[in-house]
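Enquirer: Chain by chain, the residues run as shown.
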Amino acid sequence: MEPANSMPATVESTQTERLPPLLAALPDPPGVSVCPRRARWQLDLLLLALESLDLNASELMLQVVRDLQLQVMIPNRVIFWQIRCTNPFRQVTQRTPLPLPETKALTAVVVQVARRQTATLRHLLLVLDQLQAQHLPPETYAPLAEYLDRFRRHFRKRMNLQRSGLFLYKETAALNELGLQLLVQLLFCAGTKGLERLWFSLFDGEVH
Amino acid sequence: MLLQRQYRLPNCTLRIEGLSSPHQGGEQLDVVTVCECDIVGQSTGLKGGKELLVALLNSVPAAAQTWLSGVKLRRSPQREIQVEAQGFNQVALRIPGHLVDSPQEWVELHLTWLQLADLVEALDQFCSDSQTLPTFQSLPRRAIAPAVPLRQQLTPLGIGAASLAVMAAIFFHLPVPERRPDEPTPAPLQQQTTPPSPN
Numbered sequence: 064m065e066p067a068n069s070m071p072a073t074v075e076s077t078q079t080e081r082l083p084p085l086l087a088a089l090p091d092p093p094g095v096s097v098c099p100r101r102a103r104w105q106l107d108l109l110l111l112a113l114e115s116l117d118l119n120a121s122e123l124m125l126q127v128v129r130d131l132q133l134q135v136m137i138p139n140r141v142i143f144w145q146i147r148c149t150n151p152f153r154q155v156t157q158r159t160p161l162p163l164p165e166t167k168a169l170t171a172v173v174v175q176v177a178r179r180q181t182a183t184l185r186h187l188l189l190v191l192d193q194l195q196a197q198h199l200p201p202e203t204y205a206p207l208a209e210y211l212d213r214f215r216r217h218f219r220k221r222m223n224l225q226r227s228g229l230f231l232y233k234e235t236a237a238l239n240e241l242g243l244q245l246l247v248q249l250l251f252c253a254g255t256k257g258l259e260r261l262w263f264s265l266f267d268g269e270v271h
Numbered sequence: 006m007l008l009q010r011q012y013r014l015p016n017c018t019l020r021i022e023g024l025s026s027p028h029q030g031g032e033q034l035d036v037v038t039v040c041e042c043d044i045v046g047q048s049t050g051l052k053g054g055k056e057l058l059v060a061l062l063n064s065v066p067a068a069a070q071t072w073l074s075g076v077k078l079r080r081s082p083q084r085e086i087q088v089e090a091q092g093f094n095q096v097a098l099r100i101p102g103h104l105v106d107s108p109q110e111w112v113e114l115h116l117t118w119l120q121l122a123d124l125v126e127a128l129d130q131f132c133s134d135s136q137t138l139p140t141f142q143s144l145p146r147r148a149i150a151p152a153v154p155l156r157q158q159l160t161p162l163g164i165g166a167a168s169l170a171v172m173a174a175i176f177f178h179l180p181v182p183e184r185r186p187d188e189p190t191p192a193p194l195q196q197q198t199t200p201p202s203p204n
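Chains as they are written, first to last, in our numbering: chain A, 64 to 271; chain B, 6 to 204.
Only chain B is shown next, with the shape it has when bound in the complex:
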C-alpha cells in the first residue's frame, strides 16, 4: 500500500512517500521510495529517494548540534551532504548531484538559519513520527579543535625561552664580581670610667 507523509513548516515542506507491508496494518512506512524537500525562497526543490533522506538525517541534525554547542571541529566531518556556516546568517548545503538526480556534480543551497531550523524540525518530526529517534551522541574530545590554537599556546613559551637565552648571554659576558677583602674593623673605643665621687 502506498503511503505519503508530509511535514509542513513555515519555511520547509518535507514529503516522504513509501510502501507499507500489509501485515503491519498498513500504517507503518516500511520502504521509503521518494523524499522531497521544498524550501521557501529556493528556486529548486530537492527530490530523491531513500539515499537523500538518509543523507539528510545523517548530516543536517548533526550540524545543528555542533552549531548549538559552538565547538569547532578539528576536521570537517565526512558526510555525504556538507553543511557549512558562511557568515552569521548563511548556511551552505552541498548535496551530491546523484542524490537528487541532477546532472551537476554538486547542488548547492544557501539557507538562512531560520530555513535550516525548519528543515531540522521537519526531519525531527519525521523521526518522532516513525518511532525511530535520530542517533544523538556527544562529540568526543579528540574531534574538537583546541579553544586556543597551538601556535598561540606556544608563543609565551617561546618568548620566555628566548628572553632567558638573551639574558643568559648578557650575564655570560659580564665579569664575575671580585670579592673585596674585608676592611679592618676599627678598634673599639676605650670606655671612660667615671671617677669615684669624693665622699
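The shape of chain A in the complex, shown without the other chains:
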C-alpha cells in the first residue's frame, strides 16, 4: 500500500484481488479495460452535484473512502483529486487512463454519499414538483437556488467551457437544467440497487 503522503505521477491500477468485497461484486464489463470517457465525465459531474448539495461533502467523501476501506485505491485527497481530474472536460485534466478498480471506488463513493443525502434530494425534488405545478422557477425556493448557484459556480470554475462539448453550458438556463437532472440521477443512485445501476449505466454504449 502506498504511504499516505506520497503523490504518484499517474493514477496506477490496483490489483483486483485487493478490492473490498463490495467492489469485487461489481463485474468488469466485457471488452472494456479502462474507464470510458463518458463515465469519467459522469462520475465527476455527480460528485460535483453532491459538493453543491452539501458544503461538507468533500470531507464526507473522504470519510466514506475510509469507511468502505477504499484507501488502497484512494489513499489521500490528492489522489482523489487526481482521479477526478481524469474527467476530460476539466480545466486541469489528466490524460492518464482510469483503471476499473479506481472507477469502482469512485462509483461507491458517489452512491454512498448520495444515500446520506437521500432526504435532501427527495425534499428538493418534491419542492421542484410543487414549483413546476405552480409555474414558478426553481430559484423561487431558497435551498434550490443555493444549490443551483453553487453548482454553477463549481462548474464554471472547474470545467473547461472552451471545449465544444460544453459550449451549451455557457448559458445559465442550460446549467440549471443539468443541475436539476443530476439531482434525479443521484436519487436513482441512492436506492437499494443504486450501486449496480450506476455501475452498469457507466458502460452503456461501450460494450460490444
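It should be emphasised that the hints constitute simulated quantities derived from the structure, not laboratory data.
Please note that the accuracy of each hint is not assured.
[Stated by the list, open to error] The list that follows gives simulated cross-link-like pairs (lysine-lysine, DSSO-like), each with its CA atoms no further than 30 Å apart:
no.: 1; chain 1: A; residue 1: K233; chain 2: A; residue 2: K220
no.: 2; chain 1: B; residue 1: K77; chain 2: A; residue 2: K233
no.: 3; chain 1: A; residue 1: K220; chain 2: B; residue 2: K55
Given the coordinates of chain A, work out where chain B should sit on it, guided by the hints.
Expert: Just chain B now, with coordinates in the frame of chain A:
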C-alpha cells in the same frame, strides 16, 4: 400457503400476493398471483397478475438505467410497458390494458421522477427480498444513437467538397500564366583599379 409482501415507499406501494410450497418452509414466494401497485397522486392503481410484475421488472429499471446514463437509444426498446420521458419532470408509463384487466387498449400514467424513483425502489426491494437480482447489463454500442447526428457530421465534409469544387471551377477558367522570358542581365561594372602610389 398464501403469502403477501408489501413494499411501501412515500409515493408508491407495491403489494405482491402469491403461494408458497409447503416443502420450502412456507417462506419463499413460489407463485405470484396478484401484483398491485398504488402510486400517490394517481386516480387508478395498477392491479394485475404475474405478467404485470414481469413487465414492470423488465421495463422500469431498464428505463431508469438508460436515463441515468443519459444516452439516447437508436430505437425505442420493444418492451410491453413503455416508459417515455416527456419534458423534464414528466414520465409517461404506457401499459397494455390486458395486463391490468382494463377494457382500454392502453393505460397511460403520468409520473414525476420522484414517483418513478419510488416505483424503481419498490421493484428493487422486491428483487432483493426474493433473492433474485434484476438482470443488469450495459447497453451495447450499436443500440446507442451517435452523440452527433450523421447529418451534422457530414455537413463540414459537404461544405469542404463544395468549396473545393467551386474553387476548382474558378481556377479552371483562369488563364494559365505565361512564362516571361528572362530579362538580359546587365553587364558587370568594370572594377576601377587604384593607381599605384608614387613612391
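Enquirer: Run every hint past the structure and note whether it holds.
Expert: Tested hints:
no. : hint              : verdict
1   : K233(A) / K220(A) : holds (12 Å)
2   : K77(B) / K233(A)  : holds (23 Å)
3   : K220(A) / K55(B)  : violated (51 Å)
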